[in-house]
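Chemist: Residue-level listing of the chains:
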Amino acid sequence: MEEKNAIMMEEKDNVATVLSAVEKNDKVKIILGKNHFTVLAKESIPFGHKVALRKIAKGENIIKYGEVIGRARDEIKKGTYIHVHNTQSIAGK
Amino acid sequence: MKITGYMRSDGSVGVRNYIAILPSVGCANDFVLKLGNIYPNVKLLTHRQGCSQVGLDNDQTVRTLIGLGKNPNIAGVLVVGLGCETIKAEYIAKEISKTKKMVECLVLNNENGVASALSKGARLLNPMLQDASKMKRTTCDMEQLIIGVKCGLSDSTSGITSNPATGIVSDMVIESGGTVIFGETPEIIGVDHILAKRSANQDVVNKLHRLINDCKERVKASGGNIQEANVAPGNIAGGITTIEEKSIGAITKGGRKTLQDVLKYGEKPKGKGLFFMDSPGRTPEALTGLIAAGAQIIIFSTGGGSPGGSPISPVIKVTGNRNTAQRLKDIIDVDVSSIIMGKETLKEAGIKIFKKLCNVASGEVTKAEILGYGLISIWNISPLSG
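One line per chain: the protein sequences are A and B, in this order.
Following the numbering used here, the numbering of the first sequence begins with -4 at its first residue and continues without gaps.
Following the numbering used here, the numbering of the second sequence begins with 598 at its first residue and continues without gaps.
If you are wondering where the hints come from, they were derived from the structure by calculation, not from laboratory data.
Using N, Cα and C, we set each Cβ at its ideal position, and we do this for glycine too.
Don't take every hint at face value.
[As the list claims (entries may be wrong)] Partial selection, computed: residues in chain A whose CB lies under 7 Å from chain B: (1) N0; (2) I26; (3) G28; (4) L35; (5) G43; (6) H44; (7) G61; (8) E62; (9) A67; (10) H78; (11) V79; (12) H80; (13) T82.
[Stated by the list, open to error] Here are a few chain B residues that face chain A, going by a calculated C-beta distance under 10 Å: (14) L641; (15) T838; (16) E841; (17) G846; (18) M938; (19) L943.
[Stated by the list, open to error] Negatives, chain B to chain A, calculated, CB over 12 Å: (20) N803; (21) D811; (22) T849; (23) I937.
Let the hints inform the model, and build the full structure from the sequences given.
Modeler: In structure tokens form, the structure reads like this:
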């Protein structure tokens, strides 16, 4: 099976960007520099989109590049797809 | 890190050694192109501004023209005017000559027609070309380098590969004593708080906020909406969720050093380190502003493979998109798509780009230079007076 990778930009990020299209139940290798760990995808995620690396509570910040890129609209489970359906901008409101 | 470049009389370092013809006004472009036909090795800096501009816009064009002429990659310049324009060739030439480089001036209305003026232009260019050919590269420090960083034709790979890898190079250049300028004002909306945290002082923060407000006001006055324009449907389809994510992805190319100051379009930085320059995102205007500010080299991060270049400064094209790298071999200089494959870290990719930068500084040509791609285009911000 083709290896599924995702890139994490900073250690404190709670999302990673998938580097190829991911299907439900894929084991996704999360890469941070020379280190990596695995997250089980709970749903399909298109190439270049984001996966949750841990459970994120409703209203909690979404962190990428070590910075806040938005806020969770609802509780987001580990391994689920993160995008406009469950994340809202803070600055763009 | 050492490079070999051309030491200039004002202490700056050129990574190229060009003779250029610079019109002070767009009306002299035809003459410049005709003279360029006689001397194919001369760089032609044609543009559309230089007359009937008012206030800040006039100041911006004057600053940009002088800055282009002063760029250390240019060993000598012939400034050409018509004689009736608002921005006088003699003034531009006088300001450029403060660098002590070779500067000549030709005003067409003072000559006896175009053919006669061509003959005079040829007489002025000839010794400059001969003298430039005798100049030699010597070993120089990175400290004298001003590197412009820019992204364009971005895609899903840009924010996670080529932009952050370029940011690592930005940090390395500054650690080597050099200077980095990044710009594109519309792209810092939503991340001004991050840049504010990294700013050297409150004055820099105030300047950033003013730029962003001015940018929003200009868009509003034209009947547009910056929020809607910024996270486009194509961005969302590509995986960008919010304006913050898009903007942070864009500013990663500037690295993580302290922001020393905010520059006007085409303004030369005072001091070393990281600078932000007020500029549009559109490639020809953005590159022209960086080069007028003194950038001898540009690092250009691209997803889809923009061909953009410039007649003065080499533009190094970096992509993290494997398809782009393999398909557009005559455009892309550095392929960092192995980050996507998990075979290269951002740090390793950054070091690879930095090595390319040192080689290009020492004379290796870029793909845009081989193609001869790129024109000068000066950012025009106001209506014309006539």
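Chemist: Hints first: check each against the structure and report whether it holds.
Modeler: Hints, verified against the model:
1. N0: A/N0 check passes; min Cβ-Cβ to chain B is 4 Å, inside 7 Å.
2. I26: Nearest chain B Cβ about 5 Å off; hint holds.
3. G28: 5 Å, holds
4. L35: Violated, about 18 Å.
5. G43: 3 Å, holds
6. H44: 4 Å, holds
7. G61: 9 Å, violated
8. E62: 5 Å, holds
9. A67: 11 Å, violated
10. H78: 5 Å, holds
11. V79: 6 Å, holds
12. H80: A/H80 check fails; min Cβ-Cβ to chain B is 9 Å, beyond 7 Å.
13. T82: Nearest chain B Cβ about 5 Å off; hint holds.
14. L641: 40 Å, violated
15. T838: 5 Å, holds
16. E841: 5 Å, holds
17. G846: 7 Å, holds
18. M938: Interface hint status for B/M938: holds (8 Å vs cutoff 10 Å).
19. L943: At about 7 Å, which falls below the 10 Å cut-off, the nearest Cβ of chain A leaves the hint on B/L943 intact, so it holds.
20. N803: At about 19 Å from chain A, B/N803 clears the 12 Å cut-off, so the statement holds.
21. D811: 18 Å, holds
22. T849: About 6 Å separates B/T849 from the closest Cβ of chain A, which leaves it inside 12 Å; violated.
23. I937: Not fine: 5 Å to the nearest Cβ puts B/I937 too close to chain A.
Comparing the model with each numbered hint stated earlier shows that hints 4, 7, 9, 12, 14, 22 and 23 do not hold.
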